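Asks: Given next are the chains, with one letter for each unit.
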Amino acid sequence: MSGQPAGLPANSVGLGLRSAHMEQVLLEQPDVPWFEVLMDNHTAKGGLIPAQLAAVRKHYPLTLHCVGMSLAGMEPLDMNYLSTVRRMMLEYSPAQISDHLCFTSHANHHFNDLLPIPYTRESLDHVSGRIGQVQDYLATNILVENVSTYLQFESSEMNEAEFMTELVKRTGCSILLDINNAYVNEFNHGYSAKEFIDTIPIEHVGEVHLAGYEDKTDYLIDAHNNRVSGPVWELFEYYLQYGHCAPVLIEWDNDIPELGVLLDEADRAKQIILHNTPDTARCASC
Amino acid sequence: MLTTLEQHVSGFTLALVDQTQDECELISRIKKSSRISPQLALEIYRNNTRGARINALQAIYPACRNILGDDTFRAIAKAYVNADTAGEADLNRYGKAFSRHMHTLLDTGRLPEDYAYLPDLARLEFMTHAAYYADPDPKFDFDLFEQRVLNREQVSFQISHSLGLLASSYPVHEIWLHNRPGFNTTQNRHQIQAISGTQYLLVYRDRYIPVVVSVKAHEYQLLEAFANKHSLQDVVEHIDCDIDVMLPGMIANKWITGIIAGKRCNG
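Quick note, the sequences are listed as chains F and C, same order.
Counting from 1, one number per residue, gives the positions in the first sequence under the numbering used here.
Counting from 1, one number per residue, gives the positions in the second sequence under the numbering used here.
Don't take every hint at face value.
[Claimed, not checked] Below, computed lysine-lysine pairings styled on BS3-like, alpha-carbon distance capped at 25 Å:
1) C/Lys32 / C/Lys139
2) C/Lys216 / F/Lys45
3) F/Lys216 / C/Lys78
4) F/Lys194 / C/Lys32
5) C/Lys31 / F/Lys216
6) F/Lys194 / F/Lys169
7) C/Lys78 / F/Lys45
8) F/Lys216 / C/Lys32
9) C/Lys96 / F/Lys194
10) C/Lys216 / C/Lys229
11) F/Lys194 / F/Lys216
12) C/Lys96 / C/Lys139
13) F/Lys45 / C/Lys32
14) C/Lys254 / C/Lys229
15) C/Lys254 / C/Lys139
16) F/Lys58 / F/Lys45
17) C/Lys78 / C/Lys96
18) F/Lys270 / F/Lys169
19) C/Lys229 / C/Lys96
In short, the hints are calculated from the structure, not lab data.
Small disclaimer: the values here were computed from a predicted structure and weren't measured.
My request is simple: use the sequences and hints to build the entire structure.
Replies: Take a look at the structure:
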C-alpha cells in the first residue's frame, strides 16, 4: 500500500466526516473527493450512525482512521476492537486504514489519548510485531501516523523519523504523515520538522494530515480545533517539493465550525498543491 | 523481568492515573531539552485524558448540564473523571455511573437536596444515549414462539437492546423535555408540577431516534420481569395484567424482540 492508495485520487484533499456535518453532507453532497471516518466514533451496529455512513459511502470513498489499536501497547492486541475494524471494512470498503505510533491503554486503563514510547530497538521489535499481527488479521497493510508529543525519552536510540522508516521496512506499512504533528514536535522539542520529512521514505507516505494546533505561548497542543496554522502550511509546501501526490486530509475534531470553513481550508490546500507541485515531478513517486 | 519498554509504559501510565505516586524515577527518564518540563508534560497528558472524558459527559448529559450550569457541571464531571481512573476505550460508552456519582454527592451534602431528582435525570439521559448506540434487534420469530408454547417450554422474552426502564418519584420526563438542547423556553413557560406516586418511563429507539414514553405500572413491571428473564408463566401468575392484550402491542412496538428460555422465580 505504498504511495497513492487505490480508490483515492492523487493529490486530492478530503475532509474528516463529523456528525455535526453529516446531514448537510448527505443533503448537499459537497464536492469533496473522499471523507475520513473516525472509526472509534462510529462503531455502532444499529441506529442512525451505520445508516448515515452507508448513505455517505454511496457517494464518496471513505478512509477509516483509528485510535484504539494501541500499536505500541504492552497488552495483547484487543481482538474485539480489531474485529470491529474488520466488520467496518466489510461494510464500508474503506480505501485505507490507519492508526498512530503510540499506545492508548495499559492494565485495564484507557487514556483516550495518544501516548508516546521511547524509540529503541526493543520498541521497534515490539511495535513491528504488533503491526504485523494487525495487518495479518485485517488482511491489508495499514498506515501509521506520527503523533504529537509533549515529552521525549532519554532511552531513545533513534529519532521518530528513523523509527518510522524502520517500521515501513519491516512491516510494509505506509506512513500517515501528519504535518501539524511534525510542526508541534519541532516547536515543543526543538528538532527540525523538515529533517523529519527528509528522513522518512516519502514514497511510502500514503496520506497527509493538516490540522490546527492550540498555541499555549510556551508550547503547542495538538488540539485540532483551529484553522491550519501558517507554519504548517509552509511545512506542507516543503513536503510538496518532493512531488509526491498522497491524498491530503483537513482534520478538525474540536470546536467544529460550519462545513464551509472546512471546504475553505480544503480549497487552500488545493491551491497550495497546484502552485507547489512541479508538473514534471507530479506523481513521480506513485 | 520487565523490559525497558514495559517499565516505561507501566511507569508512565501509573503517573497518569495516580498523582500521589513518586514521579522521580519516571521524570529521570524524560529528556530535559524540551520547552516543556517533565512535570508539565505529565500534566498535559492528564489534561488530555480528563478533557476527552469531560467532553463525553457533557455530550451525554446535556439536560443535567443545563440545570447545573457549565461551571458546576464541569466540577462534578471532573470529580467523576478523577475517581474513575480506568476510563472506557469507547467514549460513547463512558459515564454510565454518573447517576451514582450524583447520588453520592447528594448523600454527602455536596449537592443540595433541591437537586434530588438529578440522579434519575442522569439515568434517563444515559438510557437515551445508550438507545441511540444500541445494537440492532432481530425480528420477532412468531413461529418459534408458537412452537415453544406448544411444547410447554418455559419461555421468556428478549427485550430490545435499546430498551431502558426507569421508575422515578420525580417528574423527570418533563424535566428532561424542558432541559434538552433546543427547547424553546419562551413558548413553553408552564411550570413542571411535582407528582404524587411514581412515574414509569420507558426508553427505546424508534428506527433511529431515542424515544421516552410514560407507561402504566403493570406495563413497566411486565417489561422489567422480561428484562430479568422471568418466564411468561411467572409473569402471568404474579403480575395483574391482561397479557393477551399487552403482549401483541409490545411486540408491535419492538419493545419485545425475541424468545428466550425463561427462569421460574421461587416466590
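Asks: All hints, please: hold or fail.
Replies: Verification of the hints:
no., hint, result
1, C/Lys32 / C/Lys139, "61 Å, violated"
2, C/Lys216 / F/Lys45, "31 Å, violated"
3, F/Lys216 / C/Lys78, "22 Å, holds"
4, F/Lys194 / C/Lys32, "22 Å, holds"
5, C/Lys31 / F/Lys216, "20 Å, holds"
6, F/Lys194 / F/Lys169, "21 Å, holds"
7, C/Lys78 / F/Lys45, "30 Å, violated"
8, F/Lys216 / C/Lys32, "19 Å, holds"
9, C/Lys96 / F/Lys194, "45 Å, violated"
10, C/Lys216 / C/Lys229, "20 Å, holds"
11, F/Lys194 / F/Lys216, "22 Å, holds"
12, C/Lys96 / C/Lys139, "28 Å, violated"
13, F/Lys45 / C/Lys32, "46 Å, violated"
14, C/Lys254 / C/Lys229, "17 Å, holds"
15, C/Lys254 / C/Lys139, "8 Å, holds"
16, F/Lys58 / F/Lys45, "18 Å, holds"
17, C/Lys78 / C/Lys96, "15 Å, holds"
18, F/Lys270 / F/Lys169, "31 Å, violated"
19, C/Lys229 / C/Lys96, "22 Å, holds"
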